[in-house]
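Asker: Chains as they are written, first to last, in our numbering: chain A, 1 to 282; chain B, 1 to 402.
Hints are computed from structural coordinates only; laboratory data are not their basis. Worth double-checking, as some hints may not be accurate.
Mimicking EDC-like on lysine to aspartate or glutamate, the simulated pairs with C-alpha atoms at most 16 Å apart in a straight line are [as the list claims (entries may be wrong)]:
| id | chain 1 | residue 1 | chain 2 | residue 2 |
| --- | --- | --- | --- | --- |
| 1 | B | K320 | B | D156 |
| 2 | B | K372 | B | E169 |
| 3 | B | K320 | B | E169 |
| 4 | B | K390 | A | D39 |
| 5 | B | K198 | A | D61 |
| 6 | B | K377 | B | E303 |
| 7 | B | K377 | B | E293 |
| 8 | B | K258 | A | D61 |
| 9 | B | K298 | B | E169 |
The residues making up each chain are set out below.
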Amino acid sequence: MSRDRTRDATFLVPGLAWLVVFFAVPLAIIFVVSLGTRDQYGGVLLDDLGLRNYLRALEPDFLPTVVNSLRYSALTTIFSIAIAYPIAYWISRYGGRRKTLLLILVMLPFWTSWVIRTYAWMTILRDNGVVNGILEGLGIIDAPIALLNTDLAVVLGMTYGFLPFAILPLYVSIDRLDPSLVAAARDLYASGRVAFWHVTLPLTMPGVIAAALLTFIPAMGDFVTPDLLGGAQTITIAKVIQTLFLSSKDWPFGSALGFLLIVTTIVGTVGTLRILRREVIG
Amino acid sequence: MSDHDRMPHPAGTLARSLAEERLTRRRFLGRIAALGAGGAMMPLLAACGGGATASPTATPAVGTPGPSGPTPSAEPTPTPTPEAELYVYNYADYIGEEAIPSFEAKYGVKVTYDFFDTYETMTAKIATGNSGYDVTFATGVDVPGFLARDLVQPLDLNLIPNRVNLGSEWQSPAYDPGNAHSMPYMWWTTGFAYDTEKITEDLTSWAALWDARWKGKMAMLDDYREAFGAALIRLGHSVNTTNDAELDAALALLQEQKPLLRTYTTDDIGVLSSGDAWLAHAWGSDVYQVVAERPSVKYVIPEEGGIRGSDAMVLLAGAKHPIAASLFINHMLDAQVSAANTNYIGYMGPNQAAREFIDPAILDDPTVNPDKAAVDKLQELLDLGPDLQKYQERWTRLRAGA
Numbered sequence: 001m002s003r004d005r006t007r008d009a010t011f012l013v014p015g016l017a018w019l020v021v022f023f024a025v026p027l028a029i030i031f032v033v034s035l036g037t038r039d040q041y042g043g044v045l046l047d048d049l050g051l052r053n054y055l056r057a058l059e060p061d062f063l064p065t066v067v068n069s070l071r072y073s074a075l076t077t078i079f080s081i082a083i084a085y086p087i088a089y090w091i092s093r094y095g096g097r098r099k100t101l102l103l104i105l106v107m108l109p110f111w112t113s114w115v116i117r118t119y120a121w122m123t124i125l126r127d128n129g130v131v132n133g134i135l136e137g138l139g140i141i142d143a144p145i146a147l148l149n150t151d152l153a154v155v156l157g158m159t160y161g162f163l164p165f166a167i168l169p170l171y172v173s174i175d176r177l178d179p180s181l182v183a184a185a186r187d188l189y190a191s192g193r194v195a196f197w198h199v200t201l202p203l204t205m206p207g208v209i210a211a212a213l214l215t216f217i218p219a220m221g222d223f224v225t226p227d228l229l230g231g232a233q234t235i236t237i238a239k240v241i242q243t244l245f246l247s248s249k250d251w252p253f254g255s256a257l258g259f260l261l262i263v264t265t266i267v268g269t270v271g272t273l274r275i276l277r278r279e280v281i282g
Numbered sequence: 001m002s003d004h005d006r007m008p009h010p011a012g013t014l015a016r017s018l019a020e021e022r023l024t025r026r027r028f029l030g031r032i033a034a035l036g037a038g039g040a041m042m043p044l045l046a047a048c049g050g051g052a053t054a055s056p057t058a059t060p061a062v063g064t065p066g067p068s069g070p071t072p073s074a075e076p077t078p079t080p081t082p083e084a085e086l087y088v089y090n091y092a093d094y095i096g097e098e099a100i101p102s103f104e105a106k107y108g109v110k111v112t113y114d115f116f117d118t119y120e121t122m123t124a125k126i127a128t129g130n131s132g133y134d135v136t137f138a139t140g141v142d143v144p145g146f147l148a149r150d151l152v153q154p155l156d157l158n159l160i161p162n163r164v165n166l167g168s169e170w171q172s173p174a175y176d177p178g179n180a181h182s183m184p185y186m187w188w189t190t191g192f193a194y195d196t197e198k199i200t201e202d203l204t205s206w207a208a209l210w211d212a213r214w215k216g217k218m219a220m221l222d223d224y225r226e227a228f229g230a231a232l233i234r235l236g237h238s239v240n241t242t243n244d245a246e247l248d249a250a251l252a253l254l255q256e257q258k259p260l261l262r263t264y265t266t267d268d269i270g271v272l273s274s275g276d277a278w279l280a281h282a283w284g285s286d287v288y289q290v291v292a293e294r295p296s297v298k299y300v301i302p303e304e305g306g307i308r309g310s311d312a313m314v315l316l317a318g319a320k321h322p323i324a325a326s327l328f329i330n331h332m333l334d335a336q337v338s339a340a341n342t343n344y345i346g347y348m349g350p351n352q353a354a355r356e357f358i359d360p361a362i363l364d365d366p367t368v369n370p371d372k373a374a375v376d377k378l379q380e381l382l383d384l385g386p387d388l389q390k391y392q393e394r395w396t397r398l399r400a401g402a
């Protein structure tokens, strides 16, 4: 019995090793850097370690950026799941022989660089871009609507980008649902809507949670989309970190913000999983 | 001059193709890091394989032959034997078509010419001390800083006789007296540009960028020295000030402006060409390319003054091919090569001898080649050393704040 457990435990080693080397160690490095200060040329000085950068991070100056990050990530997650659920449901229930092909089509955009796809959105949303061109051509508007450099553009771009992340876990969860349970509900005089709300949705909740996490967490860290599609006012915490590393060359402060972002994400994720596991999955 | 006749056709067609390709010199393509890193890995791997380092032959004789005026093309005598390879790191689309091929043909050196996606990528890479590159193009204001960090080495001026071609004001710029560590490459001005079809009045002052009538239709450069420079000039201060009170006033002014802006970007070309911005903080030579796509755009050096700067070729400290690098720098200072570069990219060079070969349309274009009166109004950005932190810290607060 214990030999089996040791053998099973050894299968964890590669995963744990990867986690330690590529996650725990860099996290430790970031934390150490965040305790330091920058030198005059943008290097890192570690001779005077302290928590000053964390105190600076809590200044009210940065509150709007945190709120922006949370807002965009939350909206992106909600819209992604709202769009992804019907797609995943359809593929699972009605995909038939073509399920695999449909899933490949969902993942196909990832074969193109994220940045290039975001640039494509710029072309679509610009004042002289595709959308405005069509609207003006049809006579619906006289002057171009400002679509690019707005909150709308950022949420649109992020939702588009993270949609496959939402579709796949939802698909897995929906696919595992036993259709006879839904049939049983219908037999008991439940309408389609009631059956969905009381049977399908609760049973696929793990998939919804996974999709939510897989969308929310990367969305919090996305600095590309707000940078390219956003404007002067759409600054997120990720963009501030990027500015600190590249332009302001204040690596310790950037590391402090990054570390705070990671820690709050981990705490939030673990907490959410704990609560929902208890209440939803049982 | 037969060479002159065969040169690229004047501004129109060139600028059009450039505008369509979108000159990326000042564009913040940070995220194409994957492509950039891939491309940049090559010289590192190749360098590991070992480039042949030729031992320099006897140092060539001092002095350029005869004439004291600028000579269009001079070579060090006796011509030293360059190494077999050269690694150059530059912005994209920032060199003429023939500059590298003519150099390769002349000296038999194989040149690996890589692009960096953003200036910050380049500074980060060379800060390691062994980037694998020999020559790169630094903004003039950064040269003293690089020197202080031992990232660049002194030039052997004997190998660069073409330096006499430089205009008199470039023989000893403030950032590098005597051009001991760098050679000027191109210079540029910063002001603003606006679409005369959308904004029918005549704009002449920096105050235009703070005008609430153009709310949501303005863009500022995503560059803290430039942005603070604009605010400081408007307040009547030096763009190189380190006075905290003056900088705080500039920050307050920029914070006032922020809600009126559509975006901060280094893609001034894109934002003006597409019409996303009717009024934008812009680099003069970039506007040259916007005009090809949108002729109603006009560049202005504001009455309060603007900024001028330059890029310089530097020889990196760990360069494995210093002779080839010096010959390359010399080649770029050749009058005809410099003129061909200017004609192709639309930036003005510091090369006096090159003027006779430069396309007259460019020489007469005030956005690329402002006259002396305009240039005198401009301030040059200087290296601020550790005081740069004052700007960077306020920039973070500006960008992060509401």
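Asker: Now tell me, hint by hint, if it's right for this structure.
Answerer: Each hint, compared with the structure:
1. Of the supplied pair hints, the one linking B:K320 and B:D156 holds, its CA atoms being roughly 15 Å apart against a limit of 16 Å.
2. Using a Cα cut-off of 16 Å, the hinted pair B:K372 and B:E169 holds, with the two alpha carbons roughly 12 Å apart.
3. About 31 Å separates the Cα atoms of B:K320 and B:E169, which puts this hinted pair outside 16 Å; it is violated.
4. The suggested pairing of B:K390 with A:D39 holds, with an alpha-carbon distance near 13 Å, which does not exceed 16 Å.
5. Our distance criterion of 16 Å between C-alpha atoms is broken by B:K198 and A:D61, whose separation comes to about 35 Å.
6. Restraint check for B:K377 and B:E303: the C-alpha separation of about 8 Å stays at or below 16 Å, so the hint holds.
7. A distance of roughly 29 Å separates the Cα atoms of B:K377 and B:E293; the hinted pair therefore is violated under the 16 Å criterion.
8. As the CA atoms of B:K258 and A:D61 are separated by approximately 15 Å, the hinted pair is consistent with the 16 Å bound.
9. Distance restraint check for B:K298 and B:E169: the Cα-Cα separation of roughly 28 Å exceeds the 16 Å cut-off, and the hinted pair is therefore not satisfied.
The structure fails hints 3, 5, 7 and 9 (numbered hints given earlier, in ascending order).
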